[in-house]
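Chains as they are written, first to last, in our numbering: chain B, 38 to 290; chain E, 38 to 290.
Just so you know, not all the hints are guaranteed correct.
[Claimed, not checked] Here are the simulated DSSO-like cross-link-like pairs (lysine-lysine), alpha carbons at most 30 Å apart as the crow flies: (1) E:LYS234 x B:LYS219; (2) E:LYS234 x E:LYS53; (3) E:LYS270 x B:LYS240; (4) E:LYS238 x B:LYS53; (5) E:LYS67 x B:LYS229; (6) E:LYS238 x E:LYS67; (7) E:LYS103 x E:LYS118; (8) B:LYS270 x E:LYS103; (9) E:LYS240 x B:LYS272; (10) E:LYS217 x E:LYS270; (11) E:LYS229 x B:LYS67; (12) E:LYS118 x B:LYS189; (13) B:LYS79 x E:LYS270; (14) E:LYS49 x E:LYS103; (15) E:LYS234 x B:LYS237; (16) B:LYS234 x E:LYS237; (17) E:LYS222 x B:LYS272; (18) B:LYS219 x B:LYS288; (19) B:LYS237 x E:LYS49; (20) E:LYS231 x B:LYS229; (21) B:LYS222 x E:LYS79; (22) B:LYS272 x E:LYS229; (23) E:LYS114 x B:LYS238; (24) E:LYS231 x B:LYS237; (25) B:LYS237 x E:LYS229; (26) B:LYS67 x E:LYS272.
Just so you know, these hints were derived from the structure itself, not from any lab.
2 protein chains.
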Amino acid sequence: MLTNTMKQHVTKLQQKKYRYEFQEFIIEGKKAIDEAFQNTAKLTTIFIQEEKSESEEFDQVIQRAKKEHIPVYFVSKKDIKDIKTTSTYPGISAIVTFQPQTLATITQNTPIIVLDSINDPGNLGTIIRTADWFGFTTILLSENCVDPYNEKVVRSTMGSIFHMNLIQSTNIVQDVALLKQKKYKAYGFTMKGKNIKGLKKSKKSVYIFGSESHGIQEDLLPLCNGLYSIPGKGKAESLNVAVSAAVVMYKVV
Amino acid sequence: MLTNTMKQHVTKLQQKKYRYEFQEFIIEGKKAIDEAFQNTAKLTTIFIQEEKSESEEFDQVIQRAKKEHIPVYFVSKKDIKDIKTTSTYPGISAIVTFQPQTLATITQNTPIIVLDSINDPGNLGTIIRTADWFGFTTILLSENCVDPYNEKVVRSTMGSIFHMNLIQSTNIVQDVALLKQKKYKAYGFTMKGKNIKGLKKSKKSVYIFGSESHGIQEDLLPLCNGLYSIPGKGKAESLNVAVSAAVVMYKVV
């Protein structure tokens with residue numbers, strides 16, 4: 038049984054401000070929990086649907102939780118309604134801790150993806166997953182991006198949330214300027230730039246993507262060493278931002 | 038005011054079987070309606086939220102509808118609940134006709150995208166939009182893909198639904214075999230193929246993408262002239278299918 042305090046805590050974690058207050062977020066599904074274990078993420082609590090407490094499916098998770106002293110709650114159908122973040126609860130969920138990061142903690146000279154005002158959770162999650170696939174390790178998010186620890190974002194990262202340094206900027210223009218002082222080159226992707234064919238790979242690069250509706254904010258444009266576009270020859274007006282970012286990542290890796 | 042018959046008709050169009058029975062689908066939002074006009078799609082009915090009947094925003098649409106003898110219904114808040122497909126109605130929607138297509142109607146020798154069991158509406162919509170961007174004109178859908186005239190798919194195509202030949206296969210294996218008889222070469226994208234670097238562009242090509250969870254169905258694999266993968270060096274297990282398709286399309290165009 039879940040105490041009201043616990044139910045309230047899980048509900049709070051569906052709001053950004055509490056996720057940062059507690060430095061915790063929610064993951065759902067066996068695969069996400071396996072990923073968390075594999076990546077030595079710190080799980081503080083595991084919830085399993087009561088009816089599935091004996092199922093073989095979650096046996097390994099329960100054993101591992103016992104070994105690592107992680108409390109496991111078996112939750113009634115009624116209580117699941119209060120803690121689930123999806124319409125169909127996958128039988129298992131957990132609370133995981135995270136460490137907010139800053140640009141100062143990123144010491145390696147690796148290329149950085151900058152996202153300016155990406156609001157769609159699915160797009161952000163897909164960009165994190167794609168960046169992980171292509172071996173990027175750092176994403177810098179402007180102040181008005183959707184929170185990467187939002188449950189929808191987490192879900193669409195398909196586990197890549199555990200592999201990526203996610204930095205929430207409080208002043209993206211200042212942060213990109215700082216990176217340029219550190220000899221990074223900045224490349225922006227817009228509708229009317231040069232063909233990305235000419236884009237060369239380099240470790241000290243910043244790749245900036247803006248929102249589909251507004252593009253990159255004006256204050257960032259003068260910081261770019263070059264503006265590039267993905268050539269198209271059809272009738273579509275634009276590409277989805279996660280798709281554009283994927284094509285660029287493929288090109289520069 | 039909307040008659041019950043009209044309300045029922047619009048509600049029916051939210052189901053696949055009725056969309057094909059009537060050869061009609063629903064579009065929502067000013068932009069989609071502008072796109073439909075631009076692409077000489079046949080609009081049979083336009084709905085505008087009563088409160089916005091005098092707004093400048095829809096003035097041009099109303100004028101054009103009058104000129105083309107398309108009935109415009111001004112709909113009360115109460116009735117909108119019955120006809121809207123999104124939680125926030127954008128003030129305007131319409132019924133558009135479509136012509137189901139078959140492989141036989143495709144006469145040009147153009148590359149064809151084949152989608153096998155793509156169930157996610159957002160992914161299908163994004164693939165249609167991306168294909169349109171890169172100048173592809175034909176997509177062949179296996180029998181168990183989500184219907185491209187589903188309202189969520191239509192929305193995420195961002196108007197590209199009007200530019201693409203969408204063919205619903207009733208036997209995808211047979212259809213791909215038929216294309217091969219017509220001297221097309223088939224390329225499948227799997228987790229363990231050759232590097233797509235080696236993929237060459239050619240007009241008579243079929244590019245086959247499977248679902249993220251199950252990949253390309255086994256019966257299609259022997260029909261492929263080559264199996265290819267997008268090289269990754271990070272920790273992600275896989276790429277989103279719309280992202281994979283985009284990278285491949287960029288590569289072969």
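Proposed proximity, LYS240 (chain B) with LYS270 (chain E) (alpha carbon, max 30 Å): With Cα atoms ~15 Å apart, LYS270 (chain E) and LYS240 (chain B) stay inside 30 Å; holds.
Does LYS67 (chain B) lie within 30 Å of LYS229 (chain E) when you go C-alpha to C-alpha? Given that 30 Å is the threshold and the Cα spacing comes to 25 Å, the pair holds.
Given the hint that LYS272 (chain B) pairs with LYS229 (chain E), test it: the Cα-Cα distance must not exceed 30 Å. 33 Å, violated
Does LYS272 (chain B) sit within 30 Å of LYS240 (chain E), going by the straight-line distance between their CA atoms? Between LYS240 (chain E) and LYS272 (chain B) the Cα gap is close to 19 Å, so the pair holds against 30 Å.
Can you confirm whether the C-alpha distance between LYS67 (chain E) and LYS229 (chain B) stays at or below 30 Å? Holds, at about 25 Å.
Hint check: LYS67 (chain B) vs LYS272 (chain E), CA-CA at most 30 Å. Holds or violated? Holds, because 18 Å separates the two Cα atoms, which is no more than 30 Å.
Is the hinted pair LYS231 (chain E) and LYS229 (chain B) satisfied, with a Cα-Cα distance of at most 30 Å? 34 Å, violated
Taking 30 Å as the top limit, are the C-alpha atoms of LYS238 (chain E) and LYS53 (chain B) close enough? 46 Å, violated
With the threshold set at 30 Å, check whether the alpha-carbon distance from LYS238 (chain E) to LYS67 (chain E) stays at or below it. Violated, at about 37 Å.
Does the alpha-carbon distance linking LYS219 (chain B) and LYS288 (chain B) stay inside the 30 Å limit? Roughly 24 Å between the alpha carbons, so the hint for LYS219 (chain B) and LYS288 (chain B) holds.
When you check the alpha-carbon spacing of LYS237 (chain B) and LYS49 (chain E), does it fall within 30 Å? 52 Å, violated
Given hint LYS237 (chain E) paired with LYS234 (chain B) - CA-CA distance at most 30 Å: At roughly 17 Å apart (the allowed maximum being 30 Å), LYS237 (chain E) and LYS234 (chain B) satisfy the hint.
The structure shown violates the earlier hints numbered 1, 2, 4, 6, 8, 10, 19, 20, 21, 22 and 23.
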